[in-house]
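**Q** Residues per chain, in single letters:
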Amino acid sequence: MTAFPDALEITGPTPGQQLRRRMFGHQGFMIGAVFLVLLVIIALLAPVLAPHDPYAQSLSNRMVRPVFMGGTWEHPLGTDHLGRDYLSRLIYGARVSLMIGAVAALISGTIGTALGVAAGYFGGRVDAVVTFLINVRLAMPVVLVALAVVAILGGSLSVVIGVLGLLLWDRFAVVMRASTLQIRGREFVAAARAVGCSTPRILLSEIMPNIVNNLIVVVTLEMAHAILLEAALSFLGVGVQPPTPSWGLMVSEGKNMMLFEPWLVLIPGAVLFVLVLAINLMGDGLRDVTAPENRN
Amino acid sequence: MTNKPVLELKNVSKTYTIKQGLFGKPKPLRALNDVSLNLQHGEVLGLVGESGCGKSTLAKILLGLEAPSEGQVLVDGQALAGQDRIALSRRIQPIFQDPYSSLNPRKSIEDIITLPLRVHGIGDSASRDRELHKMLDIVGLPARVARSYPSQMSGGQRQRVAIARALIMKPEIVICDEPTSALDVSVQSQILNLLADLRAEFGLTYLFISHNLAVVEHLATRVAVMYLGRIVEEADVATLFETARHPYSRALLASVLTPDPDMGVPDTQLGAAYPNPIAPPSGCAFHPRCAKVMPHCSRIAPWPVPTSDGHVECHLYDQQPLQAAS
Ligand SMILES: Nc1ncnc2c1ncn2[C@@H]1O[C@H](COP(=O)(O)OP(=O)(O)OP(=O)(O)O)[C@@H](O)[C@H]1O
Ligand SMILES: [Mg+2]
Chain A
1 MTAFPDALEI TGPTPGQQLR RRMFGHQGFM IGAVFLVLLV IIALLAPVLA PHDPYAQSLS
61 NRMVRPVFMG GTWEHPLGTD HLGRDYLSRL IYGARVSLMI GAVAALISGT IGTALGVAAG
121 YFGGRVDAVV TFLINVRLAM PVVLVALAVV AILGGSLSVV IGVLGLLLWD RFAVVMRAST
181 LQIRGREFVA AARAVGCSTP RILLSEIMPN IVNNLIVVVT LEMAHAILLE AALSFLGVGV
241 QPPTPSWGLM VSEGKNMMLF EPWLVLIPGA VLFVLVLAIN LMGDGLRDVT APENRN
Chain B
1 MTNKPVLELK NVSKTYTIKQ GLFGKPKPLR ALNDVSLNLQ HGEVLGLVGE SGCGKSTLAK
61 ILLGLEAPSE GQVLVDGQAL AGQDRIALSR RIQPIFQDPY SSLNPRKSIE DIITLPLRVH
121 GIGDSASRDR ELHKMLDIVG LPARVARSYP SQMSGGQRQR VAIARALIMK PEIVICDEPT
181 SALDVSVQSQ ILNLLADLRA EFGLTYLFIS HNLAVVEHLA TRVAVMYLGR IVEEADVATL
241 FETARHPYSR ALLASVLTPD PDMGVPDTQL GAAYPNPIAP PSGCAFHPRC AKVMPHCSRI
301 APWPVPTSDG HVECHLYDQQ PLQAAS
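Heads up: the protein sequence lines correspond to chains A and B, in order.
Under the numbering used here, the first residue of the first sequence is numbered 1, with each subsequent residue one higher.
Under the numbering used here, the first residue of the second sequence is numbered 1, with each subsequent residue one higher.
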C-alpha cells in the first residue's frame, strides 16, 4: 500500500493536446482556417500568381467577359472598364483587405487590450475612466467619423488603417475587461502576489495566458469588421483611392455597369463574402474550441 | 515556546464598502472589528468561525494582500506596512482553500512550483529543477507530474502542489486558509497529516483557518474563535475543548460532538441565522443566538476579559456589567 494513493495517477491529456484535438475536430473552425490560410498564401504570392500587372490598362480590351461567360483564358475573370485584368486585381486586392484587417486589428487590439485589462485589474477609478472612454467611443458612428477624417486628410490606405485602428478598440476593451475581472479574483493571482510578483508580471504571465483565447476570438471578429468597413468606405469613395486594387473599390467601380455586366460586382463581392465568412467561421470555432477550458 | 510573537495584529479593523443596486447608498461592512491577535514562533494557531465571519479577510491582511482600514500588523515587532514585499514573501506564504482556483490552469506544475524561485531570482535552472523534485518528493507527488497541468490532477494532488509552492522558499510562517475544506473527506486527512509532518520537519508556524473545530483540534496548539469580525475567545486547544467559556464556542463544540454519525450537516444549535454583517446586532453581536443571553447583552458590547491562557469576550465573565451600564 502506498502512503498517498491519490498522488499516483495523472490522467488525461495536457491542455495543449486537448486544444489541438478540439480544433481538428471542429468543422467550422477547420473550414474557416483552410480558406483563410489559402487566401493569405494567395496574397503573399500575388506577384507570382497574378497573370498580369493589376495596374496595366488596355483600352482596347475593356470589359472582356470572364471565361465562364464566353471570354478567353487570356483574362480568366475578364477585365474592368479600363481593361485591367480582373483576376490580377482580385489577387492584389486580397493583400489590401488582409493588410487592413490585420493592421487595424493589431492597433485596436493593442489599445483595447491595454485599456480593458487595466480597467478589469485595477478597478475603481481606472475602471470608471475606461468605461467612460468606451461609452464615448460607442457614441461615435465609425462611417461618419471616417468621412470627416478623410475629408480633412484625404483618402489613402494608411488613413483608412489608422481610422479603423483607432476606432475599433471598443469590443477589445469590453471583452478584455470582463475576462480580466473574471480572472483577477482567482486565488492563483493572490498566490502570485503573496510570492512577490510585480504587477506587470502578474498581468503578463498570470492573467494574460488565461484571457488570450478570448482576445484571439475578438481579433478575428474585428479583422472581419475592419475588412467590411474598408470595403464600405472604399465603395463610398472615402476609403482606399483608385487605382489601388481594393475589393470594395472594385464593387464601386463596377456598379455603374451592374445591370449589363453583373459579374463586375458579383466577383469581388463573392470573394469579400468568402473572406469574411472564413474569418468569422474561424472566430466562432475558436470560441467553441477554447470555451470549455475557461471553465476550469 | 518563546513569548516573542512573530506576527501580530494590533487593533486591526477592515471595512469594506458595499454598494447595493445601481443607485444604492454605499454601506460600510466591518469584516474585522478591532482584532488583536498574536502568532508565536512554532505554534499552530487555529482560527475558527462560521462562514463570513472574516477569517479570510484576516488572512489576507496578515499576508499583506489587503491593507487594514485601522490598526497595525507587526512582523517581528515591525510594521508590515513599510516592509519590502519580496523580503516578506520569503517569510510568510499562503495555502488557499480552493486548489481548483489557486493554481494557474495555463501553467505546468513545474512552472507553478518554481515560480517563487524565479521571482526571487534564486538559483539557476538546474538547481531549481533539483529543488522542484525535492519538493515533489516531500509533498508526496511522483516526479512525472512536473510536466502536467492542473486540469490533469485531482483536488488532493492540486493541494499538494499548492503546498509545495508555499514551502519551496522555506518560509517560517504558513497561513492556511481552510486548506482542506474543498477536498473529499478521505483526502482531507491525508493533507492534514502532510501539513502536520511538514510542520515538524521544517519547524513551521501555522495560522490554521477552518470552520471545522474537529480539524483544528487535530493540529492546533491554540485556538481563536471568531464571530462577526471579532475574536470572542482565545484559549489553549485543550482548555477550549474541555471547558469552552464563550457560549458561541460551546455551540460550535456541540456541533462537532454530535453523537449521531449519520447526521449530515451538524446542528449548530444556534437557531437563528447568521446576522447580516452590514447591520450587526446591537450590544454583543452574538446575543440574538445566545443560549445564556442576559438583559444587558443587547445594549452593552462586551470587552475582552483575560483568562489564564487567553481571553474571552462575554458578559458572563466580566464582573461589573451593570455598573458600566449605568
Ligand atoms: N472584497 C470585499 N468586498 C466587500 N465585502 C467583502 C470583501 N471580502 C469579504 N467581504 C465580506 O467580509 C465578510 C468576511 O468575509 P471573509 O471572506 O473574510 O469570510 P470568511 O470567514 O473567510 O468566510 P468563509 O468561511 O466563507 O471563507 C463577509 O461578509 C464578506 O461578504
Ligand atoms: Mg474564507
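Don't take each hint at face value.
Claimed, not checked - Here are some chain A residues pointing at chain B (derived, C-beta under 8 Å): (1) A43; (2) T72; (3) E74; (4) P76; (5) R184; (6) A191.
Stated by the list, open to error - Calculated Cβ distances over 10 Å to all of chain B for the following chain A residues: (7) Q27; (8) I41; (9) H52; (10) L82; (11) I111; (12) V150; (13) R186; (14) V195; (15) N210; (16) P243.
Said to hold, decoys possible - Incomplete in silico selection of chain A near chain B, CB under 8 Å: (17) F132; (18) R137; (19) A178; (20) A194; (21) G196; (22) T199; (23) P200; (24) E206; (25) P209; (26) F273; (27) D284.
Hints were generated in silico from the structure; no laboratory data involved.
We treat Cβ as the ideally placed atom computed from N, Cα and C, and that holds for glycine.
**Q** Against each hint, give a clear statement of whether it holds in the structure.
**A** Hints, verified against the model:
no. : hint : in the structure
1   : A43  : 32 Å, violated
2   : T72  : 56 Å, violated
3   : E74  : 55 Å, violated
4   : P76  : 48 Å, violated
5   : R184 : 12 Å, violated
6   : A191 : 6 Å, holds
7   : Q27  : 25 Å, holds
8   : I41  : 31 Å, holds
9   : H52  : 49 Å, holds
10  : L82  : 54 Å, holds
11  : I111 : 24 Å, holds
12  : V150 : 40 Å, holds
13  : R186 : 5 Å, violated
14  : V195 : 5 Å, violated
15  : N210 : 6 Å, violated
16  : P243 : 48 Å, holds
17  : F132 : 16 Å, violated
18  : R137 : 22 Å, violated
19  : A178 : 18 Å, violated
20  : A194 : 5 Å, holds
21  : G196 : 4 Å, holds
22  : T199 : 11 Å, violated
23  : P200 : 12 Å, violated
24  : E206 : 6 Å, holds
25  : P209 : 4 Å, holds
26  : F273 : 36 Å, violated
27  : D284 : 23 Å, violated
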